[in-house]
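Asks: With chain H held as given, fit chains X and D onto it using these hints.
What follows is each chain in one-letter form.
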Amino acid sequence: MDLLLILLTVFPLVSALPLMLPIKAFDSRKTVWSYALLSTLVSLLFSLIVLYKFDFTNTGAMQLATSLSWVDAFGLNFGFGIDSISLWLVLLTTFLMPIIILSSLTAIKTRVREFYFWLIVLETFMIGTFVATDILFFYVCFELTLVPLYILIGVFGSDKRKRVEAAKIFFLYTFTGSMLTFAGVMYVAWFNTMLPTHLFAAAGTWSFDIQTLYLAAANMSLTEQSWVLGALLAGFAVKVPLFPVHTWLPLAHTEAPTAGSVILAGVLLKLGTYGLLRFALPMCPQAVVEYAWLIGIFAVLGVLVTALICWVQTDVKKLIAYSSVSHLGFCVLGLFALDADNTGAVGAVMYMINHGLSTGALFLCIGMIYERFHTREMADMSGLGRAIPAWASFTVFFVLASVGLPGLNGFIGEFLTLLGAFLSPANVLGYEYAAIAGLGMILAAIYLLYMVGKIIFGPLKVPDVHNDDGTHDLKDLNTREIATLLPLAAACLILGMLPNGMLNSLQAPVEQLTYSAKAVATQANDTFVTDANATPLRLAIDDHTPEFAPGIAPQLTDPTHAPLTKTAHRAAER
Amino acid sequence: MPETVMNSLTLSHFLMTGAILFCLGLVGFITRRNLIIMFLCTEMMFQGVVVTLVAFSRFHLNDTGQTFVIFVLTIAAAEAALALGLVVLLFRRKGTLDSLVWSQLSG
Amino acid sequence: MPIELIKLIPWIPLLGAVLCAVCCMKPAWRKAAGPISVLSIFIPFLITCGVYSAASGLQGDDKVQTIYQWMSVGGFSVNMGYFIDPLTMIMLFVVTGIGSLIATYAMGYMKGERGYARFFMGVSLFIFAMTTLVMADNLVLLYLGWEGVGLCSYLLIGYYYEKPEAVAAAKKAFIVNRIGDLGFALGIFLTYMTYDTVSLSVVTSKAVAFLSDPNYIATSADLWIPFLLMLGAFGKSAQIPLYVWLPDAMAGPTPVSALVHAATMVTAGVYMIARLIPVFQLSPYALPTVATIGGITALFAGTIALCQYDLKKVFAYSTVSQLGYMFLGVGALSSFGGIFHLFTHAFFKALLFLTAGSVMHALAGQLDLRAMSGLRKKMPVTCWLMFAGCLALAGFPFTAGFFSKDTILAEAMVRGTGEHGSNLYFFLALMGLLTALLTAFYTFRLWFRVFMGPEHFEMGDDHGHSDDDAHGDDHSHAHEPHEMPWWPMNIPLVVLAFGAIFAGMIVHWTGWMEHSIETSTAQPAIALNIQTDPQPTPAYEIITVSNTTDTHDTATEHPAAATGHSAEHDRAHGIHILMMWISSFIALLGIGLAAYFHWLNRPLTDKVAAKFGMVVEVLYNKYYIDEFYDLVIVKPLRTLGHGFYRFDQAVIHGLVITVGYIPRLAGWSIQPTQSGKMQGYGLGMVLGVAIAALLVFKWAF
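Residue numbers (the numbering used here), protein chains in the order written: chain H, 1 to 574; chain X, 575 to 681; chain D, 682 to 1382.
In isolation and in its complexed conformation, chain H is listed as follows:
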């Protein structure tokens, strides 16, 4: 029994409690802030210990696994375990948290205790979702992340009138979606209890262990898988957010305080893509292959439509918020590419991390501007490069990372996801998706450089400045602000130039998660190739056998019963 992951998960929650106790010292804003910073730094330390103890020769396995029983009768456990996908996402979380707290010193002046309390509590739930090996435990954490963020937006948001509305819409929208996800999860668990016990160890009993449910789900028919996929998508696609269920995001972002926006863009959106990767792909492989084209179309539409929407925004924060929708379209495209080498899915995981860093940093930059000017309208400011050069340099840097400039982190994810979509078998996605989504690269340059041109370049124009101390002269970044941005910039650069360690570690777990879906796709594709005349483009994927034992042997009861005619027909049209 390894307590490290439990400690990592629970520590923030425990350390947050004193903030709500009547302790005199916490009446001072600075003390509370220091305490919160210390707490998140300790969490970071724990996650670094996890990183140290993580065995990189076996990244696909759930390491440091441990389990606490919850309700034995229903097979409910608090299962903890970490593979490299979770590891990197946990590190992203613990890395962002101190930065967020560092950035909030001057931004939050009222109800300081509550603010940091909920922020730290949120960290527990975020880590919990990533380390959970029990689907209900995952689900509980997934849902509980809503509560702190609801409060962070509703109480600490920018506009008194709109923030409550935004928080409400955020909560109800995502909650409604995830209720359906819950139904899907419960169906799979119930399905497991109905299975004959000889199939595998936990068959025929109540169990919420993810690995068990993979095995169970593999026995579902295409219809069942499709419904489960639909249910999972209802929760995860809203969270991602995938076009057209994205409208809560710009609202929530514009009203959220900077810290909330950074967390939202940096980590919470990734819960959606993480969920798709962890649950949708391995649990409903046939349905994924069957409906990948539809998801792909929505992803591509999302990339292009929201990119164009970004271009006409006047509020900087809203622009970045919409850009998240556009960017995560690439990520979803990569997840559902199912190409032989997992280029797309590995790229998508990279994309999650990179988007968290660069977009999170952009929200921080905008927050710094908002603190100074109390406005985010592009029309109100111009030529800030002259007035606050350090801020401008950082912003341009993160904009370039976000645009996907090679050498910075954004490029790796974008390139690999597009390459994955391009190499995707014709019955899953295909090169046309990559070609069209690629237009998003151009549009990203258009809208982000439009923003840079408007606010950083051009003749100097500065709105009224309201400093903390009542002075009105515009100050460039102070040491604390540079300390918030510098680690992010360094991470962007390092991941851009040396992404290979992360990429290599991701291949094994991603292969396990995509293995069965790829097997279905290959099968369908082979049927297609023998049907139609050989296509001149070398699109067929090689027979691929994973080098390691896959955690989920595809247990299709009858591989031929998957009705692939529709897929084949669609592919033949190409």
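Treat the hints as calculated values from the structure; they're not laboratory data. Misleading hints may appear alongside valid ones.
In silico SDA-like cross-links for lysine to any residue, where the CA-CA straight-line distance does not exceed 25 Å [what the hints assert, rightly or not]:
id	chain 1	residue 1	chain 2	residue 2
1	H	Lys162	D	Lys844
2	D	Lys707	H	Leu474
3	H	Lys318	H	Ala201
4	H	Lys475	D	Lys844
5	H	Lys318	D	Arg1319
6	H	Lys454	D	Arg1319
7	H	Lys454	D	Phe1325
8	D	Lys792	H	Arg386
Replies: Relative to the frame of chain H, chains X and D by itself:
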């Protein structure tokens, strides 16, 4: 009490008495608007149930029912004290015992 | 010098850029940025020279120098590695050599600017990206350099970021380049799909193997890859339809125009096509398309250059036009011609831009040809330096431009005549000759206008670099044009002028570059039987003509092997000699016309111009292409954006809100049952119990 009468009394008589008491209480509760009367009606419903309990207890020669009656009576007494206090408070607020003035729950 | 040093070449400028960035932080440190930057470019130049012979002689696997693995997923693996062959060395020579000269000049030119350190950071970063581009051993690393130079171009064009037109130009450059880059990226994807690797050496050798296999049937991927890559080349090298950004890019400081937008970055497309020429040969339509676009762009931009009044704009369009020549060269299967012209062009165009910069500097930012005349006396050195550049650009006999342009035109003519000749190349060669006439004319129009005739000038309104104490010594004669100091400004120009006059002769008579190209991947593997009007070949069955069946054309590509085919060789040689005579005549004609119209008889010119007012107007406004793009692409997209935003708010979010109203409506519908009367609830309870009891009875008994 003459034996014959005793003999002619069956369980149904007691149950009937309990049911009549309960229904009278119920009708009173629904039709009357005076808070005190409504409260008394609920007490009457209690008594209806209590009679039934005692009757079954005697019929089955099982003491549980009668024990339960003791509990009910105790609770009823406590509740009566509390409820009458509440009624007094309500009366002080609005100066009337009409239940219709307390309809804030109206949607 | 050990060959391993070559791995350091890109990283030294990167280090320089980092140091310059540090210099940005304190005003006192700013002055150090210039020397740091120049050193960070000059040291790689020394390394290039030092390892030149060793690097050119590398064989086989030694050509690939890997530093580390950049990224790998499954079979997709990209190294941070360099591919060193003679072509790389030529490009490195141009990039670092011309780069250090221009950076030296810029030390003087940018003196006293507020963004002095920022400028040199951009320059060093640019050299990092550009050297990476030309040294990359795989397409993805090449793409890194490719986008990297685009970024530096963006930052440097936007150097004067307070001027809205500079910001707009920077944005336009980046975005138009991105359009090409998308094509390039898709080309990389398709290349990986087809060749299972992105390594340049493997891709080219596989393509050569395909080409030399007579039974090889080209796939549709082979057909598409060159067109996708071409799009990238057209974007970066400013060819139709993606040329629009380059003239606007002149909003940047002049050294940037010289370095990035004339000598190095814009030639990346030519380099890329030359580097991958076997891949382009696999598609029978690719190289003719390249040549056609090149030829058309050359003529088109040449005509626009005729009627521009902005000094730098003239040179910008001339650059577009000369790049067109280079594309014509590689498109005519003469990657030697293309690279040769790239090489000479780097010298004379850098020289021209820098001398134009000197004029601009002297006249406080004045760039309008109409506002200056007869500056010969005021700026004698600049005058004659620019004269040397103009001679080379105009193709005056025995200058650098003469030889390289002639090589391209002659190769096109060789391809356009003879028994395998195609009409397309014949016409392209004629267009090239016409462009040569235009080039000579507009080049000397500018020179005669600026330096000859009566002395007259109006100072510009640029006080950009006189408001700083570092430039204090200029205050005394700020109202008079003055000659530039020898160091650091005119000495680099003299070197460039030397190159502009003699580089062509050296290359032509020693033959080292031709030899270098032959031993690099840029050598066309075998000549194709290029059809002007494509035969109705089935799209997926394009037969490439193999070595054995087409020895005639091969002969022209392999002079060494041509001894056996002297007839064809003689024909090519004859055409070369003939074209030399024709283009000499054309150059002299153009110069003569320019002298007559713009020096000796300017009033007549004005009359002629007035007579053709419409034409001049259209040319002056660059055929209204910018307005056309704005109307057809930018405006509709923006309208679409607004439309989508409204749709998003009204329909998509509206739907969500509507769905949110469903529970509320349901609530309203049962709201009357909640009367708030206690008896009502009591009755409801009774009824509920009654119904429940009934149901229980129904099922129980």
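Asks: Which of the numbered hints are not met once you compare them with the structure shown?
Replies: 1 and 3
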